[in-house]
Every structure is written in C-alpha cells, then in structure tokens.
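S.K.: So the number in my numbering is just where the residue sits in the sequence shown, counting from 1, plus 1.
Certain hints may be false.
Stated by the list, open to error - Below, computed lysine-lysine pairings styled on DSBU-like, alpha-carbon distance capped at 30 Å:
1) 89 to 35
2) 17 to 89
3) 112 to 41
4) 35 to 21
5) 37 to 68
No lab work stands behind these hints, which were simulated from the structure alone.
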Amino acid sequence: MGFRNLHGFNLVMLGKQGLKLSTNEDAMVTKIFKVKYFPKVGFLYANLGHNPSYIWRNIHTSQVPVKEGMHWRLRTWRTNIISQILNKADSQAIQATPLLNTTSDDVLRWKFSSIEIYTVRSSYHHLMENMINNDDYKDKIWNNIDLQHHVSISLMMQSYVEWCHARIGNRDHNRNHHQPASLTWHKPNEGYIKCNIDATLFKENNTFGVGICLRGHQGDYICPRTFHSKGVPNPRTAEA
C-alpha cells in the first residue's frame, strides 16, 4: 500500500476516527466520548482530560494533524457577527441572501486532497512531509548517541526515501499511472566503491536537490551527502 512508516500509518488511521467524532455527532460512539471528554467543544478543541482511557488517549494523539488539515466550507451566514456590526434592516437583507445557492450548513473539508475528503493516503503523505521537514526530527537522527554511526545514516536514508515517496504520491495519487518496475541495488565487486546519485526537481520553488551515497561491496554506507541549490536543470544535468 506504500506505507513505510508504521507510526505515521497508525496516526492517520486514528485521525480517521477522530474526524468521525467531529463530523458524525449523531453516532453513539461520538455521544459517549463527547459526554465524558468534550461536552462543551468539538473533538478538534478537546483536551486530553484527567485519567483518560487507552482508546481516547490514542485518538487524541491525532488531533493536531487532523486540525491542520481541516477547514470550514462556509455555506451559511454568521448571523451573530452580522447582527453586531450592521443595522437591523441591512442584517436581515444579507441573511436573506443564500450563499452558493444552497441552504445546507457549513461543512468541514480536508484541504490536503483535491476532492476535499479525508483519506488515509493524503493524510499520510502530508504527515511524512512534515516529519522530514521538521528540524527536531532530523536532529534526533544525527544526535542520537545511542545509535552506531551506520545506523543513524540508515535512518536518514530511509527518511529521505519516505519523503520522496510522499512527494510522488501527492503528485500522482489522483492520476492513473503505471507502476514502475522494482529496482534492485547491486553491490560492487570487492575492493570497489559504488556511487549512487539521484536528483529531485522542485519546480514550484525553482530549486533542486541532489543525494549522493557511496557504498562498499558489503552494502555499508561510506559517505552519504545531500545538497540543495537554486535553478531547475534537466535531471541529467542535475545528477551530473
């Protein structure tokens, strides 16, 4: 399914349950949680509370990423604000004008998907991009003194791969495309070093990034390196 980070996958699955608590107020499970944990507010603004249950504690961990991705699609007037700033005649005239030719209530929408519906895949891709771009996350990899050097490098390379998959998924998840053939890394002969280079173009920012990795005949990392530069050359030029 393309989910390489188990913690991230679990978090977005919990987010799906948290979203149901926000949008399905008539469900029995929503009523139970609301009475105990957020009687006066919605799930997106609920506190963890005192002595929370195991289930609620886990669902609550998804609150921040869910809140980041949700926004209101306004379909009704905010009558309380209109009444405060306008006279009665103008207020009544405005409120009598329907928004978007609809009389339905405001709805929560997911802004990280083109269809504005929460999906596990779109939430996972957003979470992975945030994780890789988070300086604290990168510092934990490089400054983890309990890990051997080659293990920290392996974590860094794995994170880079997850980041690339997240970008590709966000770009292509709404398009039909053929899956590329699986690639297998072949080790060099003993006494030789293999250099792998890959470039990624960020056309929206007019920049590109390059990753370089030297590995020995046993597959051990010798000298990985990445850098970021301005411009959008063709892939062959960037890798050169």
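S.K.: Compare the structure with each hint and give your call.
M.R.: Against the structure, the hints come out as follows:
1. 89 to 35: At roughly 36 Å apart (the allowed maximum being 30 Å), residue 35 and residue 89 break the hint.
2. 17 to 89: At roughly 42 Å apart (the allowed maximum being 30 Å), residue 89 and residue 17 break the hint.
3. 112 to 41: holds (26 Å)
4. 35 to 21: holds (12 Å)
5. 37 to 68: holds (21 Å)
In this structure, the hints that do not hold are numbers 1, 2, in rising order.
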